[in-house]
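J.: Here are the chains, one letter per residue:
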Amino acid sequence: MALEDYKNIIHRCFRCGYCKFTSDYSYLGFNCPVYNKYRLESYSPGGMIWLIYASLVKGELEPSEHLSQILYSCTMCRNCVEECKFKFNEDIVNILKAAREEMVDKYLVPSMVNRFLTNVYDYGNPYRELKQNRGNWAEDTKIKQYEKGDEFLYYVGCVGSYDTTSQKAARALGNVLLQSGLPFGILGERELCDGNEVDMLGERGLFELLKEKNTQMFKELGVKKVVTLSPHSYNALKNSYSNEFEVFHYTQLLRDLIKSSKLDVSKGFEVKVTYHDPCFLGRYNNEYDAPREILTAIPGIELIEMERNRGNSFCCGGGGGNFYTDVLSSGKDSPSRIRVREVYDTGANILAVACPICMMMFEDAVKTEGLEDKLIIKDISQIVEESLL
Amino acid sequence: MDIYSSLVNIVGEGFASNHKEELYIYSRDSGAQQPRRADYVALPQTVEEIQQIVKLANEEKIPITPMGGGLTLNGLTVPTKGGIVLDMKRMDRIIEVNEKSRYAIVEAGVCQGALQSYLEKNYPHLQHSQPDAPPTATIVGNVLIQGHGHLSVTYGINSQMVNGMEIVLPTGEVCKLGSCSISPYWHARDPLPDLIGLFLGWFGTTGIVTKLSLQLFPKPKFRDLLTFSSDDIDLIPDFILDTTQLNLMENLFIISQQWPVWTQHVLYVPIISAQDQQELEFKIELHKKLLRKYEGKITLVEGRNAERMRESRLPIPPVSLTLFADVKQGGGFQYTGGILPIEKIPEVWPKALELYHKYGQPYIYADQLLTSGHNIMFGLAYCLNRADEQDTEKVREALDESNRLILDMGGILWKAELSAQKLMMERMDPNTVKLMRRVKKALDPNGIMNPGNWDA
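Chains as they are written, first to last, in numbering that gives the first Met the number 0: chain Y, 0 to 388; chain P, 0 to 455.
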């Protein structure tokens with residue numbers, strides 16, 4: 000929806016600040032990753048809404064590069080939606096998205112956002128990587144290309160396909176799926192960006208184009224079920240695409256495969272693990288249990304919860320394209336560094352993730368915090384792979 | 000070096016701004032007051048940084064407006080003469096909790112929610128007195144505007160719960176007040192000359208509080224409330240007298256609202272708390288017994304409506320009051336906080352209703368007893384539509400008339416906006432006004448601290 004569609008709502012934010020917290024006002028810090036880093040009121044959800052109203056609705060402020068920097072620093076983690084007490088809470092992130100659309104129309108996006116969008120348009124991925132290299136991660140594995148009749152399309156997404164850290168998770172999930180005997184395949188070089196971040200960045204036209212191309216391809220290939228590595232892909236395919244195919248996040252599928260004994264994880268894993276809820280799986284799609292059910296099904300794993308978990312999870316800082324655009328930027332108060340310090344405080348040896356973006360953000364943060372020897376980041380697919388008999 | 004560069008040098012890149020976007024936000028709040036220009040925003044993290052900013056402001060003769068949560072609604076943290084807004088929320092450490100002497104030392108930016116959560120996790124048997132404000136309101140800000148909280152009937156208003164303070168004076172010196180000026184402990188305010196009073200209720204015109212020791216109290220294991228209903232406003236002072244005579248309440252609200260319909264009565268809502276179930280039941284029973292004296296005139300509300308009141312008023316803080324801001328779907332509200340003698344309630348009640356009708360506002364009385372029956376916070380609350388300047392102007396008129404009503408009734412105004420401060424000072428003993436001026440001049444010779452407030 001366009002910003003115009005929110006004109007009767009947008010001035011209603013009272014800036015009471017509930018949106019900055021967890022549901023129990025955790026003293027660990029504010030749960031809005033952007034406000035927690037900048038601490039200027041303009042970077043709080045309420046501040047952003049007031050600025051959007053002033054600049055893009057009321058015309059009191061000329062839209063500027065600084066406004067753009069503020070708006071694009073948001074990771075779209077939906078903590079504000081979760082914690083806002085007003086009836087219009089559901090629209091907070093939608094308003095921000097609509098405002099970004101206006102900023103795109105005004106050519107007022109940060110240069111890295113521009114680069115992200117241009118790369119996706121030109122190359123089908125934000126990294127400016129060649130399309131024909133998209134499936135390279137699967138070389139030396141037995142993972143095959145998707146063929147008509149395969150039960151599942153394994154959709155990997157841009158980050159899992161190209162980021163060297165996240166490729167480990169992509170491979171692990173492929174191997175686990177192979178072991179389960181489930182008929183599946185990948186698209187390899189035919190795979191195209193799902194567009195979740197493009198949508199979050201406000202490039203509506205490009206998102207529609209990607210959606211159209213992907214949907215067309217899925218139709219031609221007769222895809223009925225899709226399993227995604229990334230919660231971001233899961234969110235886009237499940238909530239924004241046509242409902243002609245079923246979409247699963249891989250943790251939902253693995254949970255069911257373990258339950259039905261199609262995967263035997265009884266080899267076990269003697270380790271203390273804590274789990275980080277990704278925003279696009281948890282707050283966007285209310286899936287908090289599947290990853291935990293997998294971890295607790297593996298003998299030997301001691302699952303320790305962080306204080307901020309489930310709906311109160313603290314975003315890794317990579318959402319809304321920030322994993323690439325870095326508008327939120329780094330520093331000791333960057334969300335991923337704060338989060339790995341919290342992980343370390345739990346006494347866990349492994350931080351389990353279920354999102355390739357979280358994985359790359361935390362890998363970097365662990366190094367910056369000097370915790371490489373103490374804390375290992377593993378995707379749940381890797382943990383399952385290592386637990387298979 | 001220009002002022003902006005100096006601020007960046009002091010607080011670091013990213014924590015000072017002169018961008019129009021930040022200045023827009025810090026030039027207004029959610030109340031009805033007109034926006035007023037801010038020139039810079041700075042977010043200090045240390046006392047030394049504040050000292051440097053104060054030094055800079057004195058050199059440049061530029062005002063400083065300290066700000067906590069920015070939720071006064073009355074524009075008290077919006078500059079009146081431009082200058083630097085000092086957003087204190089990066090000073091967010093809970094420095095110490097002394098369990099045995101029951102106090103917490105917090106930095107100026109610690110918010111209500113953070114202390115609440117910290118105590119729940121680490122000292123679940125202790126609590127602090129929390130205002131009805133959202134949890135982003137800061138402890139220090141609430142104390143400095145002499146706010147009240149959910150324990151104010153039992154222990155007094157929140158500014159009476161201060162054991163000590165650390166302050167950066169307008170001339171840059173750091174000063175400790177209370178027992179901490181003598182001892183490593185921040186356990187007592189008295190017996191000493193009460194210099195702390197020089198900083199309470201002055202709206203940041205006398206110095207910048209950087210640390211504060213706040214009294215903590217036993218947290219009860221059980222809480223409940225009763226809802227009594229009446230249509231006779233003349234009974235209010237006597238019923239307050241009787242309930243406070245029992246001396247068993249945690250808090251007392253007197254509520255009457257246009258919506259929902261069932262609240263269109265005088266509703267007495269005493270909050271009862273206890274350390275065990277028996278004690279709770281006993282206290283509740285004693286309160287119910289009060290009704291015998293008022294048979295047929297005050298009745299007990301039971302069933303679903305009593306449950307609704309529990310849902311609305313038992314949570315700390317009660318979200319329902321924040322939601323009032325959206326009654327007009329307009330994103331703002333402000334209220335006249337009249338601190339009234341209790342016997343004046345029957346007289347002011349219908350006059351307040353007239354004002355609500357005159358200004359086309361749904362009426363809401365959400366009055367809270369302060370201390371164990373010495374006065375009451377009698378509010379006249381007005382929602383406003385931020386998208387409609389005429390509506391906001393109308394609310395400003397309503398507030399002015401409400402302020403005058405409270406003063407005419409012998410009340411005083413809580414966290415008064417500039418025009419309300421002026422109204423009070425016009426009626427104030429001239430020698431009191433002179434004394435205030437002398438105190439301000441003595442502490443702040445260059446007049447840099449939130450000027451315009453408490454100006455004669």
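Think of the hints as simulated: they come from the structure by calculation, not from any bench. Computed from a prediction, not measured in an experiment: that's the story for all the values here. For every residue, glycine included, the Cβ atom is placed at its ideal position computed from N, Cα and C. Mixed in with the good hints there might be a few duds.
Stated by the list, open to error - Ranges between beta-carbon positions, derived for each pair: (1) P:Pro345 <-> Y:Asp288: 55 to 65 Å; (2) Y:Lys271 <-> P:Lys287: 27 to 37 Å; (3) Y:Asp325 <-> P:Pro190: 32 to 42 Å; (4) Y:Gly330 <-> P:Lys99: 35 to 45 Å; (5) P:Ser182 <-> Y:Thr345: 29 to 39 Å; (6) Y:Lys86 <-> P:Arg303: 54 to 64 Å.
What the hints assert, rightly or not - Dumping the calculated EDC-like pairs for lysine to aspartate or glutamate here, alpha-carbon to alpha-carbon at most 16 Å: (7) Y:Lys6 <-> Y:Glu128; (8) P:Lys421 <-> P:Asp390; (9) P:Lys120 <-> Y:Glu59; (10) P:Lys19 <-> Y:Glu89; (11) P:Lys327 <-> P:Asp390; (12) P:Lys19 <-> Y:Glu306.
J.: Which of the listed hints are broken here?
T.: 2, 3, 6, 7, 8, 9, 10 and 12
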